[in-house]
Each structure stands twice: as structure tokens, then as C-alpha cells.
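Asker: Sequence:
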Amino acid sequence: MEKLAKLRAQFDQLGVDGVIITNGVNRRYLTGFTGSAGTVVITKSEACLFVDFRYVDQAQSQAENYTVIELERQSVFTGVAKMAERLGLSRLGFEQENVTYRVHTQYQEAIQAEMVPLSGVIEGLRTIKTAEELQKIRTAVEISDAAFTHILTYIRPGITEIDVANELEFYMRKQGAASSAFDTIVASGHRSALPHGVATTKVIETGDMITLDYGAYYQGYRSDMTRTIAVGEPQDELKRIYTIVLDSLENALAGIKAGMTGREADALSRDYITEKGYGKQYGHGSGHGVGLDLHEEIFMSTTCEKRIESGMVLTVEPGIYIPNLGGVRIEDDILVTADGIEILTKSPKELIIL
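Per the numbering used here, the very first residue in the sequence shown carries number 1; after that it's consecutive.
Simulated from the structure, these hints should not be mistaken for lab results.
Treat the hints with care, as some may be off.
For each label pair, taking beta carbons as the anchor points, the in silico distance ranges come out as [to be verified]:
{"id": "1", "residue 1": "Asn65", "residue 2": "Gly15", "range": "22 to 28 Å"}
{"id": "2", "residue 1": "Asp247", "residue 2": "Thr100", "range": "43 to 49 Å"}
{"id": "3", "residue 1": "Pro323", "residue 2": "Leu87", "range": "57 to 63 Å"}
{"id": "4", "residue 1": "Ala110", "residue 2": "Lys306", "range": "33 to 39 Å"}
{"id": "5", "residue 1": "Phe53", "residue 2": "Ala338", "range": "45 to 51 Å"}
{"id": "6", "residue 1": "Thr261", "residue 2": "Ser75", "range": "43 to 49 Å"}
{"id": "7", "residue 1": "Ala254", "residue 2": "Ser75", "range": "29 to 35 Å"}
{"id": "8", "residue 1": "Gly279", "residue 2": "Asn65", "range": "34 to 40 Å"}
{"id": "9", "residue 1": "Phe170", "residue 2": "Gln106", "range": "41 to 47 Å"}
{"id": "10", "residue 1": "Glu233", "residue 2": "Thr160", "range": "41 to 47 Å"}
{"id": "11", "residue 1": "Pro323", "residue 2": "Pro117", "range": "52 to 58 Å"}
{"id": "12", "residue 1": "Gln60", "residue 2": "Gly15", "range": "31 to 37 Å"}
Within a straight-line C-alpha distance of at most 25 Å, the following computed SDA-like cross-link-like pairs (lysine to any residue) qualify [unchecked claim]:
{"id": "13", "residue 1": "Lys136", "residue 2": "Gln13"}
{"id": "14", "residue 1": "Lys3", "residue 2": "Gly15"}
{"id": "15", "residue 1": "Lys44", "residue 2": "His104"}
{"id": "16", "residue 1": "Lys349", "residue 2": "Ile322"}
{"id": "17", "residue 1": "Lys349", "residue 2": "Asn251"}
{"id": "18", "residue 1": "Lys136", "residue 2": "Leu14"}
{"id": "19", "residue 1": "Lys174", "residue 2": "Asp293"}
{"id": "20", "residue 1": "Lys346", "residue 2": "Glu133"}
{"id": "21", "residue 1": "Lys346", "residue 2": "Tyr171"}
{"id": "22", "residue 1": "Lys276", "residue 2": "Asn324"}
{"id": "23", "residue 1": "Lys3", "residue 2": "Gly124"}
{"id": "24", "residue 1": "Lys136", "residue 2": "Asp293"}
{"id": "25", "residue 1": "Lys136", "residue 2": "Gln106"}
{"id": "26", "residue 1": "Lys239", "residue 2": "Thr200"}
{"id": "27", "residue 1": "Lys174", "residue 2": "Gln106"}
{"id": "28", "residue 1": "Lys3", "residue 2": "Lys136"}
{"id": "29", "residue 1": "Lys6", "residue 2": "Gly35"}
{"id": "30", "residue 1": "Lys6", "residue 2": "Gly32"}
{"id": "31", "residue 1": "Lys174", "residue 2": "Thr200"}
{"id": "32", "residue 1": "Lys6", "residue 2": "Arg54"}
{"id": "33", "residue 1": "Lys349", "residue 2": "Phe299"}
{"id": "34", "residue 1": "Lys44", "residue 2": "Gln13"}
{"id": "35", "residue 1": "Lys202", "residue 2": "Ile352"}
{"id": "36", "residue 1": "Lys257", "residue 2": "Leu294"}
{"id": "37", "residue 1": "Lys239", "residue 2": "Gln106"}
{"id": "38", "residue 1": "Lys6", "residue 2": "Glu123"}
{"id": "39", "residue 1": "Lys44", "residue 2": "Gln106"}
{"id": "40", "residue 1": "Lys306", "residue 2": "Gly35"}
Here a beta-carbon is modelled for each residue, glycine too, at the ideal position from N, C-alpha and C.
With the sequences and hints as input, model every part of the structure.
Answerer: Here's what the structure looks like:
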């Protein structure tokens, strides 16, 4: 009910008397319904979930506080139109990033109410995590931490990056994850200079730095952590940039707080790396929200003026990448609190040489 109340409180400002939710992640956030199809309509007085016969029982068991309406032979456009007419709705908001021109046309032809494009409304609500959401994220993080401890016993010269990625996912599934949170990054040797070096058949060799960027997908929520390790003694420059990245991360973790902008938070790690001469080798943002989606608001970068708030779960992930040599990224998940942050990821961050 709290989520519904927060959404309805925005209706006047948005200039609508109801909203249509079609984005699958937003539908799950609002209703708890995990099916792959369904349309949510929320007005000032009612909350309805339209589904076809495949999902009626599931929706009725999962979507508390919602009236489940089976579409039967009518289309969702007709169903929503009947509801709008019955309630006398005049302006219905819709998620403009998620509705195609064709679907918008079908809604507009069926519904007498004016269709009002909305952007980022539910995503804005999702930035502040509920206690239930935090518990699921914590569990996802615990699984990824356990997977890091395990993978240190598995990695050795002669195995491939894909071997490592598969072992990570298999282990996380055994710990209760539904899957990995995203395509696992295992980038070794010169490939560690690729920020998104998804695992390949490259064989891990002695002297390689290996970037491990992965997460667990648990009950709809995700973790996202990165650790960089070495197999055998790495080159001196790689050890030097490791120290710089780790120090920049610790600087950011010590300074991030509610009320600062994403740009200010980004500068905590970026300015340090720039001072050490590697600013051009740090080309991505320093972190982002994480939850039902891997990448959520806010996105900490040199241009982000949105403010960090208590209750947000964010990644902090500085990195340095040098082509033909290698790279280092270290990433923690954090919870922003009223008086600072809580670091959720517990895996060690000092350079581990296997």
C-alpha cells in the first residue's frame, strides 16, 4: 500500500488521474506479480492488474491489494477503456519509453481519456529501497561474496575465462540464486583493459591480472561486485594502478553521503585517479543504482546533478584501463544511510596473488 500511496501522491503534479504501467520490472515492483505479461492500471481509487487466463491464479496469489481482471476475449485496450469510462478518467499517464507508437495508437483509439506521456516516475520510486527489498539485495550480495571466496580456490593457469564464469554461476545457483545478475565479466591479461570484457575462451596464464565482475540474481534483485586478482606476480605498473584504484575507492567510500550530487560523489574517486595521471584511462561513471535492474538511478558521473538519498543502494566502481597491458576495477555495493554509508560487499579488496 505504501508504494501505491507514494505513486498516487504524485498524480496532481503529473496532471493525471490514473497511470498505465506496462514495463515488466515496474509491474513487478508495484504488484509483486512475477509473470511475464500483464498491464497495471492505478487510479486514485482503484488498482487493477489485467492478465490473460495463463496468469490469473498466479496474479491473485501474488498481487496483494490489486483487483485481478482476466481479459478473456477482450483486448487489454478494451479492458482499460471500460475501466476508464466507468471511473470517468480524463487523463491517463503511460510509460513513454516502454510503449511503441503502434500500442499508443491502439490505446488512444480505444480510450476516450487523453494519453499523457510519463518518464521515470516508477523508476524514481524504486531508488529508495524498502526493508523487504534491502533484505533480498543483502542476500544477493552475500551469495556473490561467498562465490568470490570459492572462485579463489578454483582459478589457476590453464583454465579459460569461460570456465571461471561458469563456475561462478554454478556456485551462486547452489547458494540459492536463480541465475547470475548479468553476463559475467572475466577478463584476463591484456583483456582486463576491456571494461566489459565478458568471458571468452582465452586461457588464463601466469602473470595475468583477472577482472571478475559478476553478481547474483535472487528473488528478483541483483548484486554487482568487481574484484581484480592476479595469477602469479603481475607487472609493476599493474600493481601500481591497483593501489591507485583501491585508494580512490576508499576515498569515495569515505566521502559519499546523502545530499551530495552524483557529480560530487563521482569526483571523489575520479579526481584522485586524475591526480595520479590516469584520468583518461578512467572513462566510465563511478557507480549506479542497483536493485530489480542492474543499472538504476542514480548514475554517478561528471554530469549527474541528481542527489543521493538515504535508502539508495549504489555501486562504487572506479577503474583504470591501459590497452595492451591490462586494467583494474574494484567495485562495492553500498547502502546510503542517514549518517553515511554501509558497505554491503565484504570480500577483501587488497591485491590477491594466487
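Asker: Has the given pair, Lys346 with Glu133, been kept, meaning a C-alpha gap of at most 25 Å?
Answerer: Distance of about 19 Å is within 25 Å: holds.
Asker: Range first: 43 to 49 Å. Now tell me if the beta carbons of Thr261 and Ser75 are that far apart.
Answerer: 45 Å, holds
Asker: Check whether the Cα positions of Lys346 and Tyr171 lie no farther apart than 25 Å.
Answerer: 18 Å, holds
Asker: Given the hint that Lys44 pairs with Gln13, test it: the Cα-Cα distance must not exceed 25 Å.
Answerer: Distance ~13 Å between Lys44 and Gln13 Cα, so the pair holds.
Asker: Keeping to a limit of 25 Å between CA atoms, is the pair of Lys174 and Asp293 held or broken?
Answerer: OK: Lys174 and Asp293 at ~22 Å, within 25 Å.
Asker: Given a hinted range of 33 to 39 Å, is it respected by the beta-carbon distance of Ala110 and Lys306?
Answerer: Holds: the Cβ-Cβ distance is about 36 Å, inside 33 to 39 Å.
Asker: Given the hint that Lys3 pairs with Gly124, does the C-alpha gap stay at or below 25 Å?
Answerer: 11 Å, holds
Asker: Does the Cβ distance between Pro323 and Pro117 fall inside 52 to 58 Å?
Answerer: 42 Å, violated
Asker: With respect to the beta-carbon atoms only, verify the hint that Ala254 and Ser75 lie 29 to 35 Å apart.
Answerer: 55 Å, violated
Asker: May I ask you to test the hint 43 to 49 Å on the CB atoms belonging to Asp247 and Thr100?
Answerer: 47 Å, holds
Asker: Within a Cα-Cα threshold of 25 Å, do Lys136 and Leu14 meet the stated pairing?
Answerer: Since the Cα atoms of Lys136 and Leu14 sit roughly 31 Å apart, the hinted pair is violated (cutoff 25 Å).
Asker: So if I understand the rule, the pair passes when the alpha-carbon distance is 25 Å or less; does Lys3 with Gly15 pass?
Answerer: 19 Å, holds
Of the numbered hints given earlier, the model fails hints 7, 8, 10, 11, 13, 18, 25, 27, 32, 37, 40; all others are met.
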